[in-house]
Amino acid sequence: MKKVLLLILVLTLAMSTLLVGCGADKETADGQGAKIGMVTDVGGINDNSFNQSAWEGLQRLEKDLGDKVNIDNAESTKATDYIPNLNQFISANWDLTWGIGFLMGEDVKKVADQNPDAKLAIIDSFVDAPNVASVTFKEHEGSFLVGVVAGLMTKSNKIGFVGGMDIPVIKRFEAGFKAGVKAVKPDAEIAINYTGAFDKSDLGKAAASTMYDQGVDIIFHASGSTGDGVFNEASDRKSAGNNVWVIGVDKDQAIIFGDEITLTSMMKRVDEAIYQVSKDLVEGNFKAGLVELGLKENGVGLPENNPNIPADVLKKVEEYKEKIVSGEIEVPAE
Amino acid sequence: MDFIFSILSDLMHNTIVFSTALIFASLGGLFSERSGVVNIALEGLMVVGAFTSAVVTYFVDTSFGGGALSPWIGFFAAAIVGVLFSLLHALASVTFKADQVVSGVALNFLAAGATVYLVKIIFHGAGQTKTLQNVFTKLSIPYLSDIPYLGKALFTAYPTSYIAFLLVGVAYYVLFKTPFGLQLRSVGEHPRAADTMGINVYKMRYIGVMLSGALAAMGGATIALTTTSNFSHNTISGQGFIALAALIFGKWHPLGAMGAALFFGVAQALNPLVQLFGLTKYIPVDFIYMLPYILTILVLAGLVGKAIAPKSVGKPYETGSR
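Order-wise, the sequence lines are chains A and B.
Residue numbering for the first sequence follows my numbering, beginning at 251 and increasing consecutively.
Residue numbering for the second sequence follows my numbering, beginning at 63 and increasing consecutively.
One chain only, chain B, in its complex shape (with noise of 0.2 Å):
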């Protein structure tokens, strides 16, 4: 029994640690789409994100002595220029009324090249940053902590995990509790009566793009300053997506989001155990490195039911339309 305690503790750990990111950004595209902006551009955003994050988080480090400090400052970073990036995808897709899809996909081409690009020339030619030195290291919760297995599967994390979870709080309580919240979510549905109730669409829905911006951003700014240490032009390598899917798969609810971000994570840490455990002698290794994406097809293709998008999502609103 013991021993089975200890692996279940153990892939918890690993399943938050995979599945922060996620959460971030089924959180960011929880935002957008709610106020009526499909966001495509989660990925591009996550690169961004994680760019700016590594890039700051180095420099902040070496240049002015930040310390344990700069992953902090490196993670706020990322989040403000995420704001500036999305700030694109809002002007061309509710102001000027672009195909939110075709916005999107362009950002994520401009993200991913445009990161790269950067890198290149800050780094002397390299096509990643330098490995940083001072990135966020797990927190224990002084006591909780120290529970058998709960302890070590819960509250022991990254400090970028207590925070994702804490903005699912958040999330759901201003989205469904607040004034604000009733307004972002009514110019999702049906912009042309939140209009006429003097409510200003296009402000709502940047509002929704703008913080979609931050929150996929810190996603990808807690892979760079997690896991990987730097960044390169495969630090994120499909997450947004997988995020997108989860906010799909969670039903456009943030809780449902984030529980569908750590079924994800779970596929993901479960491949270490696999092999742990031998079974690669009975499963060729190649099947257990396919199966996030096993998991995320079956998944989106029968078990989660209807799943029902805010009514206007992907349309733009003209002022005055029917």
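Just chain A, with the same shape it has in the complex (with noise of 0.2 Å):
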């Protein structure tokens, strides 16, 4: 009896687990409105940056146009659902599906080769086939700013930057930057750390921890919700009276982090990239192929309130910015 109770118990457990494996089937396309989907990469929905900032483009759409978008997301927790959450969206005939994120350009691809009449779209990673539109940033113009903000506005002279991975969307960022800091401090160390991940804040405290403690007194993050990390450190070394800063990446992280440690951020306009490319699709103007956005398109740049920048270091990276513009600089990408 004992056994057929155990059988039950260890059972149960088991199914449980299955089950909430099993993500309810997207509802199939039926005439109401265009459906368009989105799929995060690894980070999660919530991550503060990179994805979020995709679905609130959605949801700014979704707003904006009503009943004649409908909007859904799938996230991805490991590389492997990649694949099976785009397919979730394409068998189900929406009309257009993101795949967030340069870790899923490859599987984008095969995805957009094996339905070769459905649509994607993916951020950061060129696909060349005739049915994805794909979206990448000058991340590096955009970095070379707050490169510029860190050089004049550090006090100890040394410069921290924490990426994600080792991959080129992260390596323009670190390559602008380091050349915005030459620009205006010639003479600045820079620490660099790659965590290895978009997902582990806790690697990025430590990054964060170390590179205070040597010294350095602001850090440019570019690693997703790893820099949640770093955040966290900061807010921990202001709260004990150290003068240290963090410049957000993708959203303006002031907003969630907060004026007291978040010195600006770049952003990377992400929802208005996505926002444009959907809404291109709604009104039946889709178009395959690659778009590139820097300072000058305004895909890139930094926020619009920066409360802790003083004006004359506003003022240079404003004339740093029209040169960019214009070409009189050309930003190293790598």
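Mixed in with the good hints there might be a few duds.
Some chain A residues close to chain B (C-beta under 8 Å, calculated; not the full set) [said to hold, decoys possible]: (1) Ile295; (2) Asp449; (3) Ser459; (4) Asp530.
Calculated Cβ distances over 10 Å to all of chain B for the following chain A residues [unchecked claim]: (5) Ser341; (6) Ala342; (7) Asp345; (8) Thr404; (9) Ala457; (10) Asn482; (11) Ser485; (12) Lys529; (13) Gly534; (14) Asn548; (15) Pro553; (16) Val563; (17) Leu564; (18) Lys565; (19) Ile579.
The set of hints was computed from the structure by calculation and includes no laboratory data.
Quick caveat, the model's predicted, so the values are computed rather than measured.
Yeah, the Cβ is synthetic: ideal placement off N, Cα and C, and Gly gets one too.
Hints given; two lone chains; assemble the complex.
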């Protein structure tokens, strides 16, 4: 008897995990408005940066267009989720499926080739297929500007950069940032740390802690939710009376982490890009191919309000911005 | 010299931050295994602890204005929920005499699935909780923290770190200096003999498992409330298993487990230091990411010496059996 009870207990426990694993299938499209889906990378939808910005873009579109559009998202918890998540939307005939992030490039290509009638779009990677719209950003241009801010505002002459993975997108952040710092403070030291993950805030915290210990006073992070750990460490130090700063990424991160520790942010208007491409689709103007957004197109840049940056520094930033837009300065991308 | 001391002090400081959760969880494993119940569910218990602490802290803070008190409420709520969750393990493996490893694995899966599922319900479809605004901040102990180098290394830490070190001492005292500890250990070594002496074997094992639930959940809560400031599916990511390794490496002894936890913490704290000094020119960065795991294998494979488990660990006890 006890063995039977035990078996039932174990089976129940096991089944409950299996059932939790099955996400509900996406509803099939049925004429009422365009259906636009989006698949996050492992950062998840509340990552305070990249994926969240993308989702906000879609939410804004839904608000603006009302009934004409339906949106949904699928979160990935590991790299092997990408293809099933993409297919969830494709097989239910959704009108457009977004893959968010460089890491999804190959999988989007695969799915696009297998489903030539479906429309897909991707951020941060160029997928060469007749049914995929690709949007990339000139992160180096925006990073140059926050580099100028860091260079002009550091007191210790030591500046840090925390990267997620060592991939071309993040290398663009690093290269532009370094160039920006050097342009205004050639003798500043720049410490670099790649944590190897976009979703491990403990590694971000360790990296930040080590840098601040070594005298770094401003850290620029380009590491998704790993950066939460950088902010966490900074606010710890701030409350202990040390004057340290973080430069946020993708969104205006001062909104989440507060003006006390957020010096400024390198905004990457993923929301804007998603909004525009999706709107084009709804209006019947979907175009496959690559779009590149830089300072000129307002795809990257500083937030509108920067309460922590003095006016003379902002003026310098504006000067450099004009020079980059006009082509007088070419920012290195690697 | 000054330079080296400052590096060592930073390393020690970071090590303590990363070891704290491992110390909690391996102490948890200690109580359970010393009473004769294998607890592979440490991972799941940590997940449940991290989840509970994050959700409770978030709502105490935002709905009731808990302020600086909210992480404490979240921390203790995690311990309570950890106890309740561990009761499933006790029920399966002590009362129903299930294979303790199987029951532990089942709990790990249940924890991983159920917490993410609940987060999705509570936070409207998102896979992680909102970022917590009020979490633990580091405390400096007056006077002691002014000692050069050592003060920074040892006396500026999160309150949970102090609690963890305190609990190591408490665990040692309870296990080896009190009648209760003797009873708990005897149940793990020779339950038949203990039963003959009038010790309630089932009761002691239930207590062992419940203590382990509370401690492991506190370990999970530590991670959510000091390093990540939120809960998501990868908040714990294997730390429960590392804690289990620390327990074995530490030979089922509180002080040994603490030493082992600190050792694994060093491996993690080394990573950013290695990069800061530009050593990545000589070693590919991927090898540095591997470092903690390589050290774990090396240590467990050869350097430990013989680790002797409690004699009856893993064996269900049947009253009257020989």
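Does A:Ser485 sit more than 10 Å from chain B, CB to CB?
The claim breaks: A:Ser485 does not keep its Cβ more than 10 Å from every Cβ of chain B (closest is about 8 Å).
Least C-beta distance from A:Lys565 to chain B larger than 10 Å
33 Å, holds
May I ask you to check that A:Gly534 keeps its beta-carbon over 10 Å from the closest beta-carbon of chain B?
29 Å, holds
Would you check whether the claim that A:Ser341 is not at the interface survives, using Cβ distances to chain B and the 10 Å cut-off?
At about 21 Å from chain B, A:Ser341 clears the 10 Å cut-off, so the statement holds.
Assertion that A:Lys529 lies outside the chain B interface [Cβ separation over 10 Å]:
Non-interface label on A:Lys529 holds, nearest chain B Cβ at 23 Å vs cutoff 10 Å.
Just double-check A:Leu564 for me: nearest Cβ-Cβ distance to chain B has to come out over 10 Å.
Answer for A:Leu564: holds, closest chain B Cβ roughly 28 Å.
Hint A:Ile295 vs chain B: min CB-CB distance below 8 Å?
A:Ile295 check passes; min Cβ-Cβ to chain B is 5 Å, inside 8 Å.
Holds or violated: is the Cβ of A:Asp530 closer than 8 Å to a Cβ in chain B?
26 Å, violated
Find the nearest Cβ of chain B to the Cβ of A:Pro553 and say whether that gap is larger than 10 Å.
The claim stands: A:Pro553 keeps its Cβ more than 10 Å from every Cβ of chain B (closest is about 18 Å).
For A:Ala457, which was marked as not at the interface, is the minimum beta-carbon distance to chain B over 10 Å?
4 Å, violated
Would you assess whether A:Ala342, listed as outside the interface, keeps its beta-carbon beyond 10 Å of every beta-carbon in chain B?
A:Ala342 is indeed farther than 10 Å from all Cβ atoms of chain B, at 17 Å.
10 Å cut-off, C-beta based - A:Ile579 kept clear of every residue in chain B:
Holds, because the least Cβ-Cβ distance between A:Ile579 and chain B comes to about 28 Å, which exceeds 10 Å.
The structure does not agree with the numbered hints 4, 9, 10 and 11 stated previously, though it agrees with the rest.
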